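Asker: These are the residues of each chain, in order.
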Amino acid sequence: MAGKVVGAAVLLLFVTIFNYFLFRVMPGDPAKTFAPRGRNDDPAALQAMRERMGQGKPWWEKFLLYLDNLAHGELEHSYSQHQPVVDAIAERFWPTVLLSGTALVLAAVIGMWLGARAGWRHGSRFDRATSATSLTWYSVPEWWLGLILIIVFASKSGLGLFPVSGMSDPRSDLPYWLDVAHHMVLPVTALTVVYIAQYTLVMRSSIIDERYADYLAAARAKGLRDDQVRNRHALRNALLPSLTQLFLSLGFVVSGAITIETVFSWPGLGLLSEQALSGPDYPLLEGVFLVFSAAVIVMNLIADLIYPLIDPRVRAA
Amino acid sequence: MALVAAVALTALGGVATPAVADATPSPGATVSASAPAHAKDAFVMGIKADIDSLNPYVGLLVPAFDAYALMYDYLTDGSPQDMTPVPSLAEKWETSADGLTWTFHLRKGVKWSDGKDLTSADVKFSYERVLVPDSTENGQYGSSFSNVTKVEAPDADTFVIHTSEPNASLLAATMAGGVPVVPKHIWENIKDVGSYANDGSDGKPVVGSGPFQLVEAKKGQYYRFKANPGYWNGAPHISELTMVFFQNEETMVQALEKGEIDFISALTAKAFNALKTKSDPTITLNQGPSQYVYELGLNTGAATVDNTPIGDGHPALKDVKVRQAIEYAIDKQTLVDKTLLGAAKVAYGENSPLNSAWYWDPPAAMKRTFAPDKARQLLDEAGYKAGADGVRVGPDGKALTFRLFARSEATESQDQARYIQEWLKEIGIKADVQVVSNDALTDLIGKGKYDMFLWDWWWGPDPEGLLSVFTCSQRSTKDGDAISGGWSDSFYCNPEFENLYKQHVAEMDPAKRKVIVDKALENLYVNAVYATLYYDQTLQAYRNDRFTGFVPQPASGGSMVAQIGTWSYRAIKPYTAPAAAPEDSGGSRTVLIIAGAVVLLLAVGGAVFAMRRRSTADDRE
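Quick mapping for you: the protein sequence lines, in order, are chains A and B. The C-terminal residue of the first sequence carries number 338 in the working numbering, and the numbering is unbroken. The C-terminal residue of the second sequence carries number 624 in the working numbering, and the numbering is unbroken.
Check each hint, because a few of them may be wrong.
Unchecked claim - Over the 10 Å line for every Cβ pair with chain A, so calculated as not near, a few chain B residues:
no., residue
1, A100
2, H108
3, K207
4, K221
5, A238
6, R379
7, A509
As the list claims (entries may be wrong) - Which stretches of chain A does chain B cover? Using the computed rule of at least three CB atoms under 8 Å from a CB of chain B, they are:
no., segment
8, 26-38
9, 67-75
10, 189-203
11, 277-288
12, 293-302
Keep in mind the hints are simulated off the structure, nothing from the lab. In this text, all values refer to a predicted model and were calculated from it rather than measured experimentally. Beta carbons are placed, not taken as given, at the ideal position from N, Cα and C, and that holds for glycine.
Produce the entire structure from the sequences given, and follow the hints as far as they go.
Answerer: If you want it as structure tokens, here you go:
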């Protein structure tokens with residue numbers, strides 16, 4: 022177990038270093054990018070700006086500074102947001118977790134339920150319909166679905182039921198949380214519909230694997246009704262692959278909704294990373310990618326640690 | 004007592020209650036914690052770029068400067084007619100006979116939003132910090148003050164600037180968009196200006212003297228400003244102004260059609276034309292000049308400030324005839340029609356017509372309008388003979404093959420590059436189109452490793468910034484082995500132009516200065532430093548059933564918002580329909596919808612629960 026923790030820590034360190042050089046090899050002069058053309062015409066001011074951004078220092082000096090900052094839990098100063106990268110990310114972290122976390126939970130619950138039913142009666146009309154539908158949605162780009170939902174449910178020419186974009190409306194009469202919930206409906210729906218297939222298909226195939234197992238025959242022989250056999254016996258054993266799937270997806274909660282956030286102007290990390298790219302704002306990009314990779318590494322580690330608790334067979338292995 | 008702008012920056016406002024301003028603010032009013040009553044006269048504007056910072060010393064984007072103009076005052080304002088300086092905090096001003104001393108007489112009785120008096124000490128404080136070399140403040144506003152020796156406040160209503168040489172562009176830097184006057188008693192306590200948010204997130208009030216005050220900032224979402232009823236130039240007619248950020252233009256337009264927002268200040272040609280086609284009677288479209296001028300940039304001979312040649316630019320572009328021929332070969336009107344759906348104006352001179360006081364358009368005889376024959380003739384004269392494959396070859400044996408850079412961030416530049424490539428082919432010039440990022444192109448230009456590129460400039464209301472870009476000192480500099488670029492992207496260095504540049508800075512009489520500026524712009528045009536392509540248009544759309552009374556700047560077909568000054572924001576009034584139809588109760592409908600959704604969820608949840616109960620009951624049998 023300690024080995025896993027150390028492994029994750031080493032991986033995180035590697036990602037930290039790799040991230041840094043990944044972005045720094047790109048050419049460019051951020052001082053000029055972030056002093057828009059025509060606004061600041063004094064060469065001395067341009068030079069001063071370059072120095073503030075750490076340009077002109079040797080790369081190893083900048084790298085040591087980066088490591089030193091990181092050791093103190095600090096990232097650099099964002100060029101485009103004019104605030105510490107840590108603050109910029111902290112502001113945007115929860116909206117993203119709220120959005121894609123909700124979608125993930127909904128997708129997992131609905132997906133597993135559909136998958137279990139479909140697998141149990143595999144080959145049935147329900148199974149074929151579920152598999153085909155979920156696979157179709159799975160192949161739909163999220164942003165496209167988002168735009169369609171906006172046109173149908175939010176626009177003036179459509180139903181106009183939901184706000185077209187944003188997380189809250191400054192002119193709204195609603196309580197804040199209800200306003201946010203109202204704004205969440207369309208983006209969460211888009212993400213959920215696309216995510217469902219992952220859970221449906223995994224759950225379906227593991228149920229099919231269990232379907233004819235001997236212990237189920239025993240359960241049926243006891244006289245249990247069919248759905249009891251499914252829910253109390255087959256489902257428990259079939260749940261493990263789906264749980265793995267869920268844990269792995271949790272790591273992508275913070276990075277998974279970039280396109281949807283862009284379509285809906287949702288003020289989360291996806292939108293922030295898009296803003297960071299249009300510069301590019303290296304310190305912010307580094308920070309965002311660090312958070313993205315750290316989330317995946319940490320969630321994987323947690324999955325690794327929890328797995329033995331829910332499946333004794335892993336403990337033995 | 005301070006105005007507590009407890010701005011809920013914690014993004015999840017469900018945790019933190021969003022800050023709300025008192026409905027009837029007086030200087031020193033506190034913020035109530037209750038939800039805001041939906042102000043019928045709240046003006047909501049969609050912005051395409053987020054405000055990068057509310058701190059006037061660091062923000063760089065247009066909406067950010069708009070926000071500063073709402074929150075703060077300046078010594079002068081840009082007139083709504085032609086953007087020349089008019090009184091603001093300074094009621095009047097004069098220069099000494101030698102042009103070295105500027106004396107500003109300040110308006111009396113102006114108050115900060117916390118009730119304190121605005122005096123010359125605040126003005127002096129605001130300007131002094133801009134003069135500190137290499138400071139953040141200097142980087143933001145210092146370029147027009149490089150020859151300022153000191154500033155003084157001899158009494159509470161007078162402010163004086165001393166310069167070492169006459170500086171005619173100084174006055175323009177005191178206008179909105181230039182140095183804001185900030186409260187000394189607040190800003191003298193701020194340690195790290197570069198990272199100060201100035202949005203109330205530190206629990207301190209955002210104090211200003213402008214026509215509006217910030218009450219709520221949600222980065223990436225929206226910014227709310229409430230009117231300052233005690234504003235010295237009259238209270239605004241709207242109680243609140245909100246800027247809402249949209250990452251996506253499609254949804255921004257839909258929000259306008261739906262009435263979620265009232266104004267869009269910068270549309271793309273595509274969205275603008277789509278709205279035009281729909282011709283919704285409640286939406287008014289406005290099209291006017293913008294601050295952006297687009298050009299085909301040419302490498303006229305890259306060198307550093309000490310005249311050491313750098314880069315690998317094609318030598319033929321040093322020949323003015325070749326540069327002129329290139330402009331003759333381009334059909335600018337077709338370019339505008341095909342790549343911008345006509346939403347731009349063909350350009351010859353370099354300054355934007357938006358800066359109407361300093362606009363210069365070449366006389367008809369001088370204009371290099373589309374004439375491929377003329378282009379061929381010029382190239383023949385210059386000794387570039389047609390080669391075997393149709394590409395001309397110079398006297399030095401080098402073929403006229405130029406790299407042409409388009410930018411990955413600007414798709415229209417990629418389309419334009421293809422058109423230009425075809426037109427140049429017609430006259431025997433081969434263009435190799437390459438698409439690179441803004442960043443990579445900046446680097447290539449700074450090192451002189453380019454021949455032609457497509458880009459644009461944002462020009463301020465004063466011509467000094469524009470002209471300075473073409474001076475010798477803006478060329479690249481050598482810093483050890485590294486070359487760092489200045490602002491010059493033409494590497495133009497012409498003694499006659501240098502002279503005109505120096506003269507125009509020293510000429511205090513606007514009329515005489517205009518003559519010099521015209522000559523300088525003519526010099527640039529005659530020497531074909533760029534092939535200027537078109538003046539970008541500000542494309543705006545607003546709900547005419549919501550607000551009325553916009554003030555365009557400049558007066559003829561100008562921009563309705565994002566101005567030099569706050570003319571429109573202070574002038575607009577809620578629109579009252581002649582026969583007022585009862586307002587649709589959008590709010591209650593929303594509540595109904597949500598209630599419906601909740602009921603549905605409960606029903607589904609209940610059903611699932613019941614089913615589970617049934618199955619467990621079955622189990623127990």
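Asker: Of the numbered hints stated previously, which ones are contradicted by the structure, given in increasing order?
Answerer: 4 and 8
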